[in-house]
Amino acid sequence: MGLNTPALAYDAFLVQLLSSLALFAIIAVLCLQIPPIMVWVERRGPAMMQRRKGPNRVGLFQWRFYGLLQSLADAIKLIWKEEVVPTGANKPFYHIAPIFAVFPAFMIACAIPWGADITVFGHQIPLSVIHLDVGFLFIFAISSLAVYAVTLAGWASNNKYALLGSLRASAQMISYEIPLGLSLIPIVLIFGTLDLNQIVLAQGAFPWQWGIIKAPVSFIIFLVCMFAETNRAPFDLAEGESEIIAGFHTEFTSTKFAAFFLAEYVSMFVLSCLAATVFFGGWQAPFVPHDFLVKTFAGFEWVASLIGAGVLFLKAAFFMWLYVWVRWTLPRFRYDQLMGLGWKFMIPLGLANIFVTTLVCAFIYFK
Amino acid sequence: MGQITIFYILAFLATACSLLVISSKNPVTSAIYLVCDLFILAGIYASLQAEFVAAIQIIVYTGAVVVLFVFVIMLLNLAPNEQSSLGLKLPDIGFTLLTVLSFLIVTVLLVNEQSSVSGGALGPPEAIAQLGGNTRAVGMTLFTKFVWPFELASFLILAAIIGAVHIAKKDPKPADKAYGNLKASNREKAIYGSP
Amino acid sequence: MVPLDHYLVLAMILFCIGTLGIVLRRNIIMVMMSIELLLNAINLVFVSASTYNQNLDGQVMVFFVITVAACEAAIGLAMVIALFRKYGTIDTQFLRTLRG
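Protein chains in written order, with our numbering: chain A, 350 to 716; chain B, 454 to 648; chain C, 64 to 163.
I should point out that these hints are in silico values taken from the structure, not numbers from a laboratory. Any given hint could turn out to be false.
[Unchecked claim] To give a feel for the contact side, a few chain B residues facing chain A, derived at Cβ under 8 angstroms:
id, residue
1, Glu504
2, Ile512
3, Gly516
4, Val520
5, Gly586
6, Thr588
7, Thr594
8, Leu595
The C-beta atom is built at its ideal place from N, Cα and C for all residues, glycine as well.
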């Protein structure tokens with residue numbers, strides 16, 4: 350951002366920089382908490398559905414916390430495991446691949462607006478680390494890098510199952526990136542901006558003003574692509590345990606495996622946030638306009654922004670639960686079915702959706 | 454001062470990455486350096502206030518084109534002796550010197566020619582700000598002045614898709630046409646060969 | 064502000080490196096990557112000239128160049144696969160059927 354803004358005053362720049370760094374630290378710490386909690390949800394949730402207990406042994410003294418500490422134990426175990434590098438592996442790429450996986454997920458988390466602008470020492474600070482006019486394009490650009498992690502991981506570990514898994518996964522991710530992009534174009538057409546915070550503001554606080562009402566087809570396409578992009582069930586062919594062991598991360602152990610795990614859950618969380626931002630009013634609390642909150646907390650406007658962040662988090666949490674719910678409900682697709690769905694149904698539907706939305710927008714514009 | 458420092462850093466990195474692209478032994482390494490190079494160039498575009506082009510550069514080039522390269526390299530799985538590096542022989546050195554020299558001459562001429570333009574104001578054009586940002590302005594230009602080239606470009610892409618599929622497809626054996634009539638077990642044998 | 068010269072010189076350096084790649088490498092895929100370098104050098108000239116002349120036509124041209132580059136890569140790589148299937152190599156030294 351710094352390059353394009355007309356020369357800021359020095360103190361304004363400093364406040365901007367420091368608050369961006371602080372926000373990044375908060376978001377990074379928050380994102381690091383996602384995998385343990387999600388692992389817990391993903392064990393206790395299906396246990397609830399299938400009428401069994403799920404993990405409930407690990408605890409502190411007499412407190413069990415419903416098995417929540419199991420995730421902590423797992424994390425400690427993962428970190429202390431011995432790291433094994435396959436003999437035939439291509440060393441540099443084997444070491445770089447997990448970094449390539451984690452980097453895009455965190456970068457996208459930085460572009461999501463977490464609340465209304467706040468005022469710090471008299472300077473207005475947007476509540477997203479990277480505040481861009483072209484936020485949408487930035488997200489697509491960064492998310493297209495996730496393919497390299499998968500491809501390199503599979504290729505560098507010198508294992509045919511890993512290579513097969515990585516080829517499957519990367520073909521899937523590239524294919525579903527197209528309908529994902531197509532599904533968001535109607536949103537850009539309707540709200541007339543590429544800035545995510547502007548889109549949130551344009552949606553307003555009431556559910557009938559939200560993106561899901563204005564572009565329902567887009568939401569359906571986005572939802573399906575969301576599952577496919579993160580390689581989650583029912584599209585988890587990349588990791589099809591029954592056929593190709595664990596896909597592209599078969600040969601990864603210890604911290605590197607943990608990095609892939611982290612990347613998967615953080616990208617799930619980030620896409621959930623994006624869905625909430627674009628289709629469910631982002632940080633706007635339903636039925637409670639932001640102005641009302643600001644008036645209520647006059648003098649403490651940052652409380653309103655904090656509530657916004659909490660609301661966005663709750664909306665994202667719903668999508669995270671949806672991920673788990675779908676995973677334990679639907680069976681896995683076959684590979685040709687997956688590709689057929691992507692290319693023969695999702696892309697034509699996305700194009701038709703854009704066409705219809707354009708017609709409606711033009712009709713409203715010229716009327 | 455800030456801008457020119459950033460430019461020098463980016464320019465140095467771009468040059469280094471490009472050199473690594475052409476000198477790496479392993480094509481996959483080259484492809485990854487190419488990704489870095491494209492990223493740095495996108496940074497330069499962004500510093501030139503061309504955000505749309507920068508974003509498109511990353512989406513299309515690093516997200517699609519270089520992935521295609523990586524795919525093909527992995528699919529061909531070349532033997533080590535075919536991953537030839539810069540094998541410098543006498544004619545090659547001649548070529549190198551000739552290329553560098555000719556480009557140096559052109560550069561010197563060009564810089565002399567352009568020195569009158571240099572130092573032009575890089576202020577944000579008010580017209581773009583009025584239109585509502587770089588993306589909208591580029592879109593306006595694209596869909597008014599360049600609408601026919603745009604249509605032609607879409608036609609070109611369609612032709613490229615069909616062409617690529619046709620060229621890369623395996624040569625169908627004469628027996629292929631009869632697959633439909635075979636029983637399922639025999640069909641697999643006919644396509645994949647008997648084990 | 065950075066003078067326009069600097070961008071042009073950088074573009075020239077990149078173009079030079081790309082040309083060297085085309086001339087010196089034997090692997091067709093490497094040659095194609097060098098072509099991408101050339102196209103990027105040209106894009107850099109387009110964008111910098113566009114910004115300095117305050118005319119957006121240059122950026123639109125970059126859009127077209129990227130489109131054509133994508134098509135070129137798709138067709139070119141398809142041809143590489145076909146070549147590899149037919150001759151078992153993509154080394155330019157061994158692909159000299161047309162040399163007579």
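Outcome of the hint check:
The interface hint given for glutamate 504/B holds, since its Cβ lies 5 angstroms from the closest Cβ of chain A, which is under the 8 angstroms cut-off. Given hint, isoleucine 512/B at the interface with chain A, holds; its Cβ is 5 angstroms from that chain's nearest Cβ, closer than 8 angstroms. Evaluation of the glycine 516/B hint against chain A yields a held restraint, the C-beta minimum of about 3 angstroms falling below 8 angstroms. Interface restraint check: valine 520/B against chain A, minimum CB-CB distance 5 angstroms, threshold 8 angstroms, status holds.
With its C-beta approaching chain A no nearer than about 5 angstroms, glycine 586/B sits inside the 8 angstroms limit, and its interface hint holds. Taken as an interface hint, threonine 588/B checks out: its beta carbon lies about 6 angstroms from the nearest beta carbon of chain A, inside 8 angstroms. With its C-beta approaching chain A no nearer than about 16 angstroms, threonine 594/B sits outside the 8 angstroms limit, and its interface hint is violated. Taking 8 angstroms as the C-beta cut-off, the interface hint given for leucine 595/B is violated, the closest approach to chain A being about 15 angstroms.
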